[in-house]
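Colleague: Chain residues, written in single-letter form:
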Amino acid sequence: MSAARHRRPVPAVAIHIALGAALLFFASGSAAAQGDSLRTSPVPGTPVISDSALEARTRSLAVQLRCAVCQGISIQESPSGLAGEMREVVKEMLRAGKTEEEIKAYFVSKYGEWILLEPKPRGFNLLFLYVFPTLVLLGGLAGIGVLVRRWSAAPAPPAA
Amino acid sequence: MNWKRALLTPAIAIPVIGLFAWGMTRDPKYIPSPLPGRQAPAFALEVFAPGEAPFQKAPGEVIRLDSLRGKVVVVNFWASWCLACRDEHQDLSRAAMRYANAPVQFVGISYMDTRPNSLEWIEQMGGQAYPSVDDPRSRTAIDYGLYGVPETFILDVTGRVAHKQTGPITHALLSRIIDSLLAARPATETK
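So the protein sequences, as listed, match chains W and C. All residue numbers for the first sequence refer to the working numbering, where the first residue is 3 and numbers rise by one. All residue numbers for the second sequence refer to the working numbering, where the first residue is 294 and numbers rise by one.
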């Protein structure tokens with residue numbers, strides 16, 4: 003009998019562990035290679051985000067940021083080069099463990115609140131974008147109510 | 294009855310017309326920058342266009358904003374595909390030469406462009422007095438809140454953004470701002 007035939011069979015659990023370790027090794031290697039080329043490197047201890055989760059979070063944040071070279075569309079919708087780079091910045095910052103608020107704060111510090119497609123409801127914004135339209139709407143509804151009451155209270159035209 | 298209506302109509306119409314009139318005076322493409330008054334974002338970018346003496350830098354040399362502390366720095370974002378950049382090019386080069394013996398540094402940053410196109414453009418324009426650097430992946434442009442070219446940032450000797458110009462800048466405006474920043478330098482900075 004050859005030595006090979008005397009070898010004990012490798013347990014299935016061990017094969018699975020080895021395969022899992024190999025996959026983890028290659029995955030971490032490619033992530034590290036990507037991270038090296040980025041300006042923002044992950045903070046040690048930052049939970050690893052899967053590619054699909056990262057893409058989803060990038061999209062959800064990108065739709066909230068205005069394209070700087072377009073008119074009224076988000077960086078997610080824009081095909082412009084600058085919007086593409088801004089999406090990459092969002093992705094890099096998410097990968098580095100930044101929160102959505104920190105990322106928005108970064109863009110606001112560069113472009114002002116203009117960069118947010120939905121301005122924060124405070125101060126001047128609160129007054130002109132939220133309070134004023136609400137008052138106009140309520141005023142309009144009150145006006146319609148008054149007119150309807152007047153019309154319904156008006157005497158019916160005499161029958162012919 | 295009618296006096297009420299006569300008052301109500303202008304009371305509503307005049308503010309609305311006023312609001313529209315005010316809106317017509319605004320440029321919808323203009324984005325007010327939060328940078329003036331703040332410390333300029335740092336950069337360390339590689340020279341691809343060397344400029345001319347006495348500002349000449351070797352291609353490949355890295356210009357670090359931190360190393361320019363103590364000088365008035367003019368950072369100009371430009372591109373070969375930008376028509377308005379042609380309008381200001383001579384003014385920038387002339388101003389750079391005018392302040393050749395003063396603590397003033399001009400830096401051009403290429404925006405969304407290729408090196409061959411940028412170098413060809415400089416040659417077509419008859420040269421560029423000061424060096425230009427590459428901005429890979431537009432990270433510095435985003436750090437400066439750029440939304441088009443040309444845009445020019447003038448930094449004081451402490452590295453604070455003193456002025457942001459959207460669109461072409463003129464020699465007269467450059468001179469006025471640089472003169473005021475040089476005059477405002479602390480006594481220890483004066484040489």
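Possibly wrong hints are sitting among the right ones.
Calculated lysine-lysine pairs in the DSBU-like style (CA-CA distance at most 30 Å, straight line) [as the list claims (entries may be wrong)]: (1) C:K457 to W:K122; (2) C:K350 to C:K364; (3) C:K457 to W:K100; (4) C:K322 to W:K122; (5) W:K106 to C:K350; (6) W:K122 to W:K100; (7) C:K350 to C:K457; (8) C:K457 to W:K106.
No lab work stands behind these hints, which were simulated from the structure alone.
Colleague: Now tell me, hint by hint, if it's right for this structure.
Modeller: Against the structure, the hints come out as follows:
Distance hint between C:K457 and W:K122 is fulfilled; the C-alpha atoms sit about 25 Å from each other, no more than 30 Å. Proposed proximity of C:K350 and C:K364 is supported: the alpha carbons are some 17 Å apart, at most 30 Å. For the given pair, C:K457 sits about 29 Å from W:K100 by alpha-carbon distance, which is consistent with the 30 Å threshold. With a C-alpha separation of about 21 Å, the suggested pairing of C:K322 with W:K122 holds against the 30 Å cut-off.
Between W:K106 and C:K350 the alpha-carbon distance is near 37 Å, which puts this suggested pair outside the 30 Å criterion. At roughly 20 Å between alpha-carbon atoms, W:K122 and W:K100 fall within 30 Å of each other, so this suggested pair holds. Distance check on the hinted pair: C:K350 and C:K457 sit about 25 Å apart at the alpha-carbon level, within 30 Å; holds. With a C-alpha separation of about 22 Å, the suggested pairing of C:K457 with W:K106 holds against the 30 Å cut-off.
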